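Participant: For reference, the chains in residue letters:
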Amino acid sequence: MGFLILVRCQQLLRLLRAAGWGLLLVLLVVTAGVWAPGLLRLSSVPPFWLSGLGLLLAGSVHLGRSDGSFIHQMPFPPWQTCLIDTALLLLPGSLLLVAIGNWPAALAFFAGLAVVVLPLGGLSGRWRKKARFKVLFLPPDLFELRSAVRGLPVGWLLAFLLQLGAGWHIAAFVGAVVLVLVLLGTVFEALEPKELLPRNRRALLRKWRRNALALHLFFSPAYVLALLWQTEFYWLILYAAVAIECLLALLFFYKYALWYPGREQLGSSVFTAIGLLLVVLPGGILVALPMAVWAGWKGLRRQQYFTYD
Amino acid sequence: MLQISELEYAYGEKPVLRGLGLEVAAGEIHGILGQNGAGKTTLFRLLAGWLKPHAGTVHWQGEALAKQQTAFLETDPYFYPYLSGMEYLRLIRNDADRIQQWSQIFDLPLEELAEDYSTGMQKKLAFLGVLLQERPLLILDEPFNGVDFAGNEVMMAVIRRSGLLKGATLISSHVLQTLTHVCDRISLLKDGHIAHIVERADFPALEALIRAETTGHLDQLFEGWD
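Respectively, the protein sequence lines represent chains G and X.
Residue numbers for the first sequence follow our numbering, so the first one is 1183 and each next one is one higher.
Residue numbers for the second sequence follow our numbering, so the first one is 28 and each next one is one higher.
Hints listed in this document are in silico derivations from the structure and should not be mistaken for laboratory results.
Incorrect hints may appear among the rest.
Under the rule of at most 35 angstroms between Cα atoms (straight-line distance), these lysine-lysine pairs were calculated in the DSBU-like manner [as the list claims (entries may be wrong)]:
no., chain 1, residue 1, chain 2, residue 2
1, X, Lys79, X, Lys193
2, X, Lys193, G, Lys1437
3, G, Lys1389, X, Lys41
4, X, Lys193, X, Lys94
5, X, Lys217, G, Lys1389
6, X, Lys217, X, Lys79
7, G, Lys1480, G, Lys1389
8, G, Lys1437, G, Lys1389
9, X, Lys94, X, Lys41
Quick caveat: nothing in here was measured; it's all calculated off a predicted structure.
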């Protein structure tokens, strides 16, 4: 176990070295005006929000893992490996919270450890294409949603059940939104076969809107219940709808822009995590929205040059 | 002895294994031969515990086979980014002496990052990882893919000696000759079950039969071309 921690630290150091320490430092200084106020605000954020953030971050990484086959070869049970990896993932954020004096939030951030009980993303993704059961009401051409629901039925069921509590307490609504945002990251993992790539710009846009419609329909009980019983939080309900739209656009176009024949999985959990963070953090949507527009432009541009053999 | 009985598995409506039964003795090297999509990899994933069978049982030495008793070499093994070959092996078994022993069979640059290895080198590294686990049931799915001729010879020699570990070895390959070189028996997987089991003495006849079945029509095609 000690060696696993050591190896993870080595990997991180090598990653940072490959990215370039100098560049990262320059970026850190240049963007200080953006992140410093947010950091200061974190010192007074209630633990509840940080526990949600921890869950979100750890969940998106855990569910997007593709190393399940290797983890089964290791000499200890998979959940122990996942526990250590998740703890290491959350540790820097937690230390930061300690440094700015928000002790309770630092502890709450570790709520993300709970995700280790969920199925490993890599394993479910590997066999996602093999249908285990049909998904009612989802048209066959919405392959991405169908495969995601097949891969993580418990997650989607939980999200559905959680949103039914939206009329009782706004926390249920927020929890359901967070879960849906995490699950969204798994939707576009498997994009084979290549016929799934819409053949023209209009078809691509239509597919995007059909995915969005299906997601909003899935989430409609929460919208209705929250609008009826939590009227004072109308801004939050609007924000949730925009956040879902924003992340969907980001993921949809980004993944389709990256796709090429033979690539079975498009694992980009880090990108998903960044997108989620930007969407959930106050003001972050202003960064995520241009990113989504950029991804959309890239995806549509790719349509122009993509040739079918 | 490995005892597989009435094993069934389906992807949705499509059955892949239909009541598959097989017995492999301890120390035996058993080849699984089948066309693409016959269900070889599915069978291996079931044995490795990655999939749950819809019906049937798998026993090793009289008791239900546990995940910890199998070492599975996938067709495309997974490698972490920014991880050296040595670290990869130490994650599987943190025992410097055993790694030193096993790593002598291939000349691999273990201090370099595994992601920078060629396909064949990665396969050799994953093969070492599987051996290091020293589990009783060795499952090798297309172990020779992408490996150079020297590496292939070494792998075959190691597999032939794997019987010394007192476990059983199950192996699949696209190339029939690699199976006939190393296996004690070969099973033909067809229509979701074991259609035939061929003993070592009958391997030449098996090769001739498969050659006739698969290339017989070519003789007609090329007739009169000379």
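Participant: Which numbered hints turn out to be false for this structure?
Facilitator: Hints 2 and 5 contradicted; others consistent.
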